[in-house]
Amino acid sequence: MKWLCVALATLLTGCATTNGDARDPLEGLNRKVYAFNDKVDSWVLRPVATGYRDWVPGELRDRVRNFFGNIADPLIGVNNMLQGKFEDGFLDWMRFGFNSTFGLFGLHDIASDMGYEKHNEDFGQTFGRWGAGTGPYLVLPLLGSSNVRDGLGSALDFYFDPLGEVRPYRVEYGLWATRVVQTRADLLDASRILEEASLDKYVFQRDAYLQRRRSLIHDGQPPRERDVDTIPPEESK
Amino acid sequence: MTRILALLAMTMTMALGARAQELTPPDVLVKQVTLEVVSLIAKDKEIRGGNRAKLIGLINEKVLPHFNFLSMSALAMGQSWNKATPEQKKRVIEEFKTLLVRTYASALASYSDQKFDFQPLRAKPSDTDVTVNVRVLQPGAQPVPIDYSMEKTASGWKVYDVMVGGVSLVANYRTEFNNLVRESGVDGLIKNLSAKNRALEGADRK
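One line per chain: the protein sequences are A and B, in this order.
The first sequence runs 13 to 249 under the working numbering.
The second sequence runs 1286 to 1491 under the working numbering.
Keep in mind the hints are simulated off the structure, nothing from the lab.
Keep in mind that a hint or two might mislead.
What the hints assert, rightly or not - Computed Cβ-Cβ distance ranges for the label pairs, DEER-style: (1) A:W67 x B:K1330: 15 to 25 Å; (2) A:E184 x B:E1331: 43 to 53 Å; (3) A:G32 x B:L1308: 43 to 53 Å; (4) B:D1398 x A:M126: 12 to 22 Å; (5) B:L1308 x A:P235: 24 to 34 Å; (6) A:V60 x B:E1331: 28 to 38 Å; (7) A:R204 x B:E1346: 18 to 28 Å; (8) B:E1346 x A:G163: 38 to 48 Å.
Cβ atoms here follow ideal geometry from the backbone N, Cα and C, with glycine treated the same way.
Work out the full structure: start from the sequences and follow the hints.
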């Protein structure tokens, strides 16, 4: 209860200092979480990921990336089907079949070499396809940029994550940690560019996230915004 | 007959001249410049070793002429653009250009032999505003689309926006720029941009 009061107080004082961006009514609170995440990243995650990139050979990192990419494909396929894209969904399962067998448990992405490209889908995108608005922008502790819709989507993604069924627990946690480090290592260049390119990192990252999600929901072909200066009403069709 | 021959010669010269004046199509231009820059970097040990000044020099020479920084700055400032005086506009363009070139250099420095997929242009010959789609292929992950928005000008096709993975560069600067203009005017924006550029320059020298 005490925790709730503190959270509420932070939220209210936070709101007073925002720039009044309609897409980000919780900016004050979000910025605090963002600062916290940034600290965790620069003290723990980024150094570990940098070490991983510098000391683990690229060939091995490719295998790790492929392995985690492969176990994610079935759920990507389901999401494609939930969005009515049955052919794409079928191809995702085919990728999983090929890569798990001929690709040696997914260590090799031979499906991509054969021309069956990997897709990017999740429950947040599925909800978006179904017409759900994004809700306010959120910065989640440790997880980073999100919004109400994508946050709910992430909870479902997490629930269905194949790693959740791995036992014993120490193996499960080990795999989780490896995946987090691998993912962060792949983002090292992008995050450095973000640091260099932005005047206000928080705003730059938020706007990039919103644009990126909008593009993903439309599989890279978002409808043109009517006027570059107006903020689009959330994914309205 | 000599008159006709003279006329023929004149016509031929004019036709050839017009030929030479024909603009390189935008998709061809993107492919040429991308492949040239990537191969120059691959050959250059100093750039590969992290010589940022030399990389920026290369970008200034090979890439910069194909960008329209006036359009980019105007689009990035959005509704604030009209609040700026001609002198301020010049400063914004100059500082924004420096920042973008540096960002571009950072992106190029992290390039490591990924393959490009240059997609055929979907546009009518009469179009003066087109998008050129390139995709960067990487193992085990979805290809990253890079879309160049280009406009036809008298001196050739010019890029006025770059979209990476669906994120428009100029649109992404708009909120930042407008926040700064609202807080401290166009001069505040110029001050922030130039401070950012100086800080990055300082970091390079270290």
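Violated hints - listed by number, lowest first: none
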